[in-house]
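Visitor: What follows is each chain in one-letter form.
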Amino acid sequence: MSLWRKIFTMFRARATEAGEAVVDANALRILDQEIRDASEALRKSRDDLTTMMAQRKLSFNKVQPKQNKIAEYSGFIEQLLDRGDEALAREVAQKLADLERETEADVQLLGQFDSNIEILKKSILQAEGTISRLKQQVDSVKATENVQRAQAALASQHSGTNTALRTATDSLERIKQKQLERAAKFDAAKELEHFGGDHDLQAKLATAGLLENSSSADSVLARFKTRASLSASTAPLRLDKPSANDR
Amino acid sequence: MASLWTTQNLYEALSASELSLEGKIELNDGLEPNISVQLSEFGDLPVQITVSGAQLMVSSALWEASQVKDLARFNEAALKLNPVNALSNIGLITLAPGRDLYIMFGELSASSDLPHIIEEIRVLADNTIEAAEVFSDQLIPSPANTTGAAT
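Same order as they appear, the protein sequences are chains V and E.
Mind the numbering: the first sequence is residues 1 to 247 in the numbering used here, read in order.
Mind the numbering: the second sequence is residues 1001 to 1151 in the numbering used here, read in order.
Here chain E stands alone, though its shape is the one from the complex (with noise of 0.2 Å):
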C-alpha cells in the first residue's frame, strides 16, 4: 500500500500545487494540526482538511443550526439530497452546547494521490456553494440573526 499522507506533509505538497496559485492555504498547527484552503474560485470558503490516521477527511462549513427556518424541513432536504449528490455528505457537528454547525465533507483515504485530493476540495467547495444556493429559501436571510445565541 501507498504511504498515508500526514497533515504536514500533506501541507506542503498542496502548498507547492497549482491550488495555491488559486487562493489561501494554511496550516493550523496544534495538538491535532488541519489545514485551510480558501480558494477565490469558491468564494474563499474556508475548506478543512484533517487527517486521521489512515482516513482523510475534507470538510466545510455550511451555516450554523439557527439560521436554518424550519430545521425538520431541511433536515428532510438534507437526508434526501445526500444519496443524489453522492461526493459529499450533510452532517451536523456540535460547536458549542446549543450551537450546532451544519458542514458537508468527504472522506479519502490518506494514502489517495494528490491529484484526488486537490479534486476533492474543489468538488467539496463547488457542492457547499450549490448548497448554499439551492438551500438558501430554507435559512433565515440576515447574518444578524445568528449570533452566538442559538435558542
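Here chain V stands alone, though its shape is the one from the complex (with noise of 0.2 Å):
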C-alpha cells in the first residue's frame, strides 16, 4: 500500500532528525491528503453517475415511443397487405425498417450505460472503504499520539525525582513483593494456629486425659485401674462416659 510508504518515508527522513516524536502531525497530514483524494474521487464518480442515469434516462425516454411507432406501423403494415395495397404496405415498411435500425442502436447504448453504471457505483463502494480505512488510520494515529502525550506526561511526572517512569518492571517487583508477603503471611497464620489455636487446646486435652492416646500419669493409671475392675466384675469401659466425675 503506497500509503505504508509515504509513513516509512516519512519515519526514515524523521529518524536522522534527532529524534522527533514519530508518529506527529505529518503522518496525519499525509492521512489527511489521501482522505481529500478519495473523497473527491469519490464526489467525482458521484456526479458521473448521476449524469449517466441521467443520459440513461432520456434514452429511454426516447426508446419507448419508438417502441409504441414500431407497434403501431406493424398494424398498418397487416391491414395494408390484407387490403392487397403493396405499395403503401412497402413505404410503411421501410420506415418500421428505420425505425427498427435506431432502436436497435438505442438499446445498446442504454445497456452501455447500465454497465458503466454498475462500473460507477462499484468504485463508488470501493472509494467509501477506502475512506473509512483511511478514517480508520487517522484514529489509529491519534490514538497512537494520545498514548505518547500520556505516558510523556507521566514521564515528565518522574524527571525531577531521578526515578524511572513506572513501567511493567516496577510492577512485577510489586506483584512478587505482595506474593511474599502473602505467603509470609500465610506461614505467620500457621504458625499461630500451630502454637496458639488448636495445637493449644489439644495439650490441654490431653493434660486433661481426655485423649485417647494421650499418655499423663492419670489416664495411665486410670487405663491399670480399669483393667483391675474389668477383671472384677463387668464395668463400663472408662471413655464411655468421660465426665470428670467419673475419673
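Mixed in with the good hints, there may be bad ones.
[Claimed, not checked] With a straight-line cut-off of 25 Å between C-alpha atoms, the simulated SDA-like cross-links for lysine to any residue are: (1) V:Lys69 to V:Leu110; (2) E:Lys1069 to V:Lys57; (3) V:Lys204 to V:Lys225; (4) E:Lys1069 to V:Asp98; (5) E:Lys1080 to V:Lys57; (6) V:Lys62 to V:Glu104; (7) E:Lys1024 to V:Lys225; (8) V:Lys178 to E:Ser1040; (9) V:Lys57 to V:Glu100; (10) E:Lys1069 to E:Leu1139; (11) V:Lys122 to V:Lys185; (12) V:Lys95 to V:Ser74; (13) V:Lys178 to E:Asp1126; (14) V:Lys178 to E:Ile1118; (15) V:Lys178 to E:Glu1022; (16) V:Lys185 to E:Leu1021; (17) E:Lys1024 to V:Asp170; (18) E:Lys1024 to V:Arg56; (19) E:Lys1080 to E:Glu1133; (20) V:Lys66 to V:Asp98; (21) V:Lys185 to V:Ile175; (22) V:Lys176 to E:Gly1098; (23) V:Lys95 to V:Ala71; (24) E:Lys1069 to V:Ala155; (25) E:Lys1069 to E:Ser1136; (26) V:Lys178 to E:Val1123; (27) E:Lys1024 to E:Pro1115; (28) V:Lys176 to E:Pro1115; (29) V:Lys135 to E:His1116; (30) V:Lys66 to V:Ile77; (31) E:Lys1069 to E:Gly1098; (32) V:Lys185 to E:Glu1022; (33) E:Lys1024 to V:Arg182.
Don't read these hints as lab results, they were simulated from the structure.
Both chains are sitting in their own frames, so use the hints and assemble them into the complex.
Guide: Encoded structure:
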C-alpha cells in the first residue's frame, strides 16, 4: 500500500533528525491528503453517476415512443397487406426498418449506460471503503499520539525525582513483593494456628486425659484401674462416660 | 451500529463497574483526555485507555529502550512474541528526543461493550506483567541506571 510507504519514508526522514516524536502531525497530514483525494474521487464518481443515470433516462424515454410506433406500423402493414395495397405497405415497411435500426442502436446505448453505471457504483463503494479505512488509520495515529502524550506526561512527573517511569518491571516487582508478603503471612498464620490455636487445645485436652492416645500419668493410672475392675466385674469402659466426676 | 464511547462516558462506566473495586480509575483531563486504570492484582500497573473516533486503544508502559541490554536481540524476541501473543502488541513510542518507550497495546472498536473493554484491560495488564517476567533477563536490573539520559 502506497500509504505505508509514505509513512515509512517519513519515519526514515525523521529518524535522522534528532529523535522527533515518530508519529506526529506529518503522518496526520499525509492521511488527511489521502482522505481529501479519496473523497474528491468519490464526489466525482457520484457526479458522473448522476449524469449517466440522467442520460440513460433520456435515452430510455426516446426508445419507448419508438417502440410504440413500431407496434403501430406493424399493425398498418398487416392491414395494408390484407387489403392488397402492397405499395403503401412497402412505404410503411421502409419507415419500420429505419425505426428498428434506430431502436436497436438505442438499446445498445442503454446497455452501455447500464454497464457504466454498474462500474461507477462499484468504484463508489470502493472509494467509500478506502475513506473509512483511512479514517480508521487517522484514529490509530491519533490514539498513538494520545498514548505518547499520556506516557510523556507520566514520564515528566518522574523526571524531577530522578526515578525512571513506572513501568511493567516495577509492577512485576510489586507483585512479587506482595506474593512474598502473602506467603509470609500464610506461614505466620499457620504457625499461629499451630501454637496458639488447635495445638494448644489438644495439649490441654491431653493433660486433662480426655484423648485416647494421650499418656498423662492420670490416664495411665486410670487404664490400670479399669483393667483391674474389668477383671473383677463387668464395669463399663472408661471412655464411655468421660465426665469429670467419673474419673 | 452501536454508539461509540467517548473518553468521558467510558470513564463513568468503568468507575461504576466492578473494576473500580479492584484498583484506581482516573480521568486525566485535557485536550485529549485519557483514562488511567491501576489494578492491584497487576501490581498497580498503569493502563492507559484512550478513545479516538471509532477506535479505542488500551496500552501500558513496558520499559524504556535505555533499560534494554541488547536492543537488537530484544527487538527480535519481541517481534517473534507478537504473533504468538495475539491479543496484545508490543510497540515503541518516543517520549522525548532520545527517549523511547516500549509499550504493550491492544485496539478495540469504540463501539465495543463494557465487559469486552474490561476484559481487554485485564488481558493487557496480565500480558504486560508476563512480558516483564519473560524479558527480565534482557533488562538492566537497577532502575537507577535508566534515569533520563538515554545515550
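Visitor: If a hint holds in the structure, say so; if it doesn't, say that too.
Guide: Consistency of the hints with the structure:
no., hint, result
1, V:Lys69 to V:Leu110, "19 Å, holds"
2, E:Lys1069 to V:Lys57, "72 Å, violated"
3, V:Lys204 to V:Lys225, "23 Å, holds"
4, E:Lys1069 to V:Asp98, "88 Å, violated"
5, E:Lys1080 to V:Lys57, "59 Å, violated"
6, V:Lys62 to V:Glu104, "12 Å, holds"
7, E:Lys1024 to V:Lys225, "70 Å, violated"
8, V:Lys178 to E:Ser1040, "10 Å, holds"
9, V:Lys57 to V:Glu100, "20 Å, holds"
10, E:Lys1069 to E:Leu1139, "5 Å, holds"
11, V:Lys122 to V:Lys185, "68 Å, violated"
12, V:Lys95 to V:Ser74, "10 Å, holds"
13, V:Lys178 to E:Asp1126, "16 Å, holds"
14, V:Lys178 to E:Ile1118, "23 Å, holds"
15, V:Lys178 to E:Glu1022, "15 Å, holds"
16, V:Lys185 to E:Leu1021, "23 Å, holds"
17, E:Lys1024 to V:Asp170, "17 Å, holds"
18, E:Lys1024 to V:Arg56, "64 Å, violated"
19, E:Lys1080 to E:Glu1133, "16 Å, holds"
20, V:Lys66 to V:Asp98, "11 Å, holds"
21, V:Lys185 to V:Ile175, "15 Å, holds"
22, V:Lys176 to E:Gly1098, "31 Å, violated"
23, V:Lys95 to V:Ala71, "12 Å, holds"
24, E:Lys1069 to V:Ala155, "21 Å, holds"
25, E:Lys1069 to E:Ser1136, "10 Å, holds"
26, V:Lys178 to E:Val1123, "20 Å, holds"
27, E:Lys1024 to E:Pro1115, "18 Å, holds"
28, V:Lys176 to E:Pro1115, "28 Å, violated"
29, V:Lys135 to E:His1116, "23 Å, holds"
30, V:Lys66 to V:Ile77, "16 Å, holds"
31, E:Lys1069 to E:Gly1098, "16 Å, holds"
32, V:Lys185 to E:Glu1022, "21 Å, holds"
33, E:Lys1024 to V:Arg182, "21 Å, holds"
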